[in-house]
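Line by line, the protein sequences are chains A and B. Each residue of the first sequence is one higher than the one before, counting from 38 in my numbering. Each residue of the second sequence is one higher than the one before, counting from 12 in my numbering.
Since the hints were made in silico from the structure, they are not lab data. Treat the hints with care, since some could be wrong.
To be verified - Covered by chain A, according to a simulated footprint, are these stretches of chain B (three or more residues, beta-carbon under 8 Å):
hint, region
1, 17-25
2, 105-116
3, 165-174
4, 201-208
Unchecked claim - List of simulated lysine to aspartate or glutamate pairs, EDC-like, C-alpha gap at most 16 Å:
hint, chain 1, residue 1, chain 2, residue 2
5, A, K225, B, E112
6, A, K202, B, D284
7, B, K113, A, E224
8, B, K113, A, E221
9, A, K211, B, E48
10, B, K220, A, D80
11, A, K200, B, E280
12, A, K217, B, D49
13, A, K151, B, D212
14, B, K99, B, D82
15, B, K219, A, E78
16, B, K113, A, E222
In this text, all values refer to a predicted model and were calculated from it rather than measured experimentally. Backbone N, C-alpha and C define an ideal beta-carbon position, used for all residues, glycine too.
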Amino acid sequence: MIKTSELDPNFKYEIANEPGGENIKRCFNCTGCTVGCPVTEIDKGYNPRKILRKALLGMRNEVLTDESLWLCASCYLCYERCPQDVKITEVMGAIRAIAQREAKAGKIKLANPKPLFDNLFIDSVKSNGKWYEAGVSGMFMLKTKGIGGVIGYAPMGMELFRKGKLSILPHKIKGTDQIKRIFEEVEK
Amino acid sequence: MKLAYYPGCTLHGTAREYDASTKAVSKTAGIELTEIEDWNCCGALEAIFDKELSMGLSARNNMLAQKTGLDLVIPCSICSHNLSRADKAMKTDEVFRGKIEKALGNKYKNNGFKIKHLLDVMVNDVGIDSLSQKFKKSLKGIKAVPYYGCLLVRPSEVSKFDNPENPQSLDNLIKATGAECLPFTQKTKCCGGNLLMSKQDYAFILTKKLFDEAKAAGANCMVVACPMCHMLLDGQQSMVEKAHNTVINMPVLYFTQLIGLAMGLGDKELELDKNMVSPKQLLESIGKETKEEKKVEKPETKAGAEPEKEVAK
Ligand code: SF4
Ligand code: SF4
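Input sequences plus hints: build the corresponding full structure.
Below you can see the structure in the form of structure tokens.
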């Protein structure tokens with residue numbers, strides 16, 4: 038049930054202000070995005086049109102804490118096909134960014150492990166200029182599945198290492214100071 | 012042809028066979044690659060929605076490429092998307108360009124600088140006809156399905172070289188090698204790559220769907236042009252088998268490995284031993300089509316008598 042008193046009429050503007058979220062208000066609710074979505078095909082409960090509709094209505098808390106937000110496979114099919122050029126894949130990303138900020142500020146809890154992985158990944162790029170696969174994957178496993186997860190992943194890791202596909206240490210580029218400045222500039 | 016080269020993180024790691032086969036095939040095709048100096052990660056799919064960060068990181072690489080005075084070629088569909096999207100923003104969005112130029116203390120060149128996916132370069136710049144002239148051996152016996160995945164052809168406002176709904180470049184390339192290219196309705200369906208960390212069981216269902224159809228089409232291999240697709244389809248294939256208690260055992264070749272084989276390049280040069288699913292049997296099937304067909308086809312018609320029934324009707 039929708040409680041009008043709990044709706045946040047500013048939510049759509051908040052999303053539209055986020056890079057990638059600009060076109061959300063163009064959606065005319067045609068369902069084109071949902072038809073053909075590969076995730077909807079395997080999970081009828083996943084409905085990108087509905088996420089957008091709720092966001093436009095201002096169901097802020099419900100949208101930000103909805104596990105669905107993390108089920109988009111970012112395949113860009115809906116982005117390609119939307120008659121209104123909503124750029125749903127990126128709108129979904131914009132909503133994710135807001136959800137992550139709210140979680141960082143302690144206002145909501147995110148159950149999905151994806152943001153943790155993304156953040157570990159981005160941190161490794163921030164310090165090295167390249168992503169540090171062994172370190173990020175190891176830390177992610179440890180944080181989500183405990184030491185058992187790391188051990189479970191070990192055979193695959195060993196196989197990759199044996200094939201010369203995984204390096205134990207991170208590779209650092211020379212221009213890490215430039216990378217830091219990019220982070221600073223876009224975070225302003 | 013001279014091009015600047017951005018391998019991206021995976022080609023120096025889990026996708027090293029894509030890097031090796033790209034270099035080998037380019038050399039034979041007469042392309043001189045200059046790897047750009049001190050390149051950084053484009054942010055991949057992990058930063059793709061931190062849009063300004065992703066485009067900022069990517070723009071640094073574009074600026075390094077511009078120093079070479081050459082156009083830029085990228086074998087990874089994700090990197091290619093990210094760097095192309097950043098190029099567009101740097102050329103059209105003044106505020107964003109200002110931020111990044113300030114961070115890097117350098118000006119972005121708004122000239123004819125082009126960024127292309129390697130498949131685009133091979134099919135449209137080198138051209139299938141001149142590539143075919145370098146082919147020494149027919150790959151008859153390989154029955155491939157072309158798999159394009161997502162970012163190679165979508166969104167078409169960024170990737171413009173092929174049809175986003177029914178792309179043909181990989182199809183045509185496969186056919187040119189003498190291999191059979193089978194119809195594949197899943198060619199642009201998502202492999203689930205980006206769900207691997209958020210919902211692994213869904214990722215594996217999506218991956219398995221691709222293999223199910225590839226098998227139904229009669230394929231003995233899949234051909235891809237992206238390290239992320241390859242990571243799922245080849246790297247995680249054993250995990251998908253485990254999760255679904257099934258046997259897939261289908262080699263997944265980079266398109267560079269496929270054309271390298273047609274060029275007569277060695278297994279070592281193409282690093283065919285680095286694929287997680289061994290292509291050994293597949294390689295043995297090259298040129299042995301007639302024998303294999305005799306062996307396989309008889310029992311198949313007996314077991315699935317469908318086609319005969321249809322004829323009888
Ligand atoms: S396809 Fe576009 S316009 Fe139609 S419902 Fe989806 S987002 Fe809205
Ligand atoms: S981008 Fe996300 S919502 Fe859109 S079709 Fe792909 S999985 Fe579905």
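Each hint tested on the structure:
Check result for the region 17-25 of chain B against chain A: holds, 4 residues qualifying (beta carbon to beta carbon below 8 Å, three or more required). For the region 105-116 of chain B, the stated coverage by chain A holds: 5 residues have a C-beta nearer than 8 Å to a C-beta of that chain, and at least 3 were required. Counting residues of the region 165-174 of chain B whose CB falls under 8 Å from any CB of chain A gives 3; the rule of at least 3 is met. Figure legend: the region 201-208 of chain B, annotated as covered by chain A; annotation consistent (6 residues with Cβ-Cβ distances under 8 Å, at least 3 required).
This hinted pair checks out: K225(A) and E112(B) have alpha carbons roughly 15 Å apart, not beyond 16 Å. A hinted pair counts as satisfied when its Cα atoms are at most 16 Å apart, and K202(A) with D284(B) qualifies at roughly 12 Å. As the CA atoms of K113(B) and E224(A) are separated by approximately 14 Å, the hinted pair is consistent with the 16 Å bound. A distance of roughly 11 Å separates the Cα atoms of K113(B) and E221(A); the hinted pair therefore holds under the 16 Å criterion.
The hinted pair formed by K211(A) and E48(B) meets the criterion: a straight-line CA distance of about 10 Å does not exceed 16 Å. A C-alpha spacing of about 14 Å is found between K220(B) and D80(A), which places the hinted pair at or below 16 Å, so the restraint holds. At most 16 Å may separate the alpha-carbon atoms for a hinted pair to count; K200(A) and E280(B) meet this at roughly 15 Å. Of the supplied pair hints, the one linking K217(A) and D49(B) holds, its CA atoms being roughly 15 Å apart against a limit of 16 Å.
Straight-line distance between C-alpha atoms of K151(A) and D212(B) comes to about 14 Å, which keeps the hinted pair within the 16 Å bound. Distance restraint check for K99(B) and D82(B): the Cα-Cα separation of roughly 15 Å lies within the 16 Å cut-off, and the hinted pair is therefore satisfied. Annotation: proposed proximity of K219(B) to E78(A) holds, straight-line Cα distance about 14 Å (limit 16 Å). Distance hint between K113(B) and E222(A) is fulfilled; the C-alpha atoms sit about 8 Å from each other, no more than 16 Å.
When the structure is compared with the earlier hints, no violation turns up for any of them.
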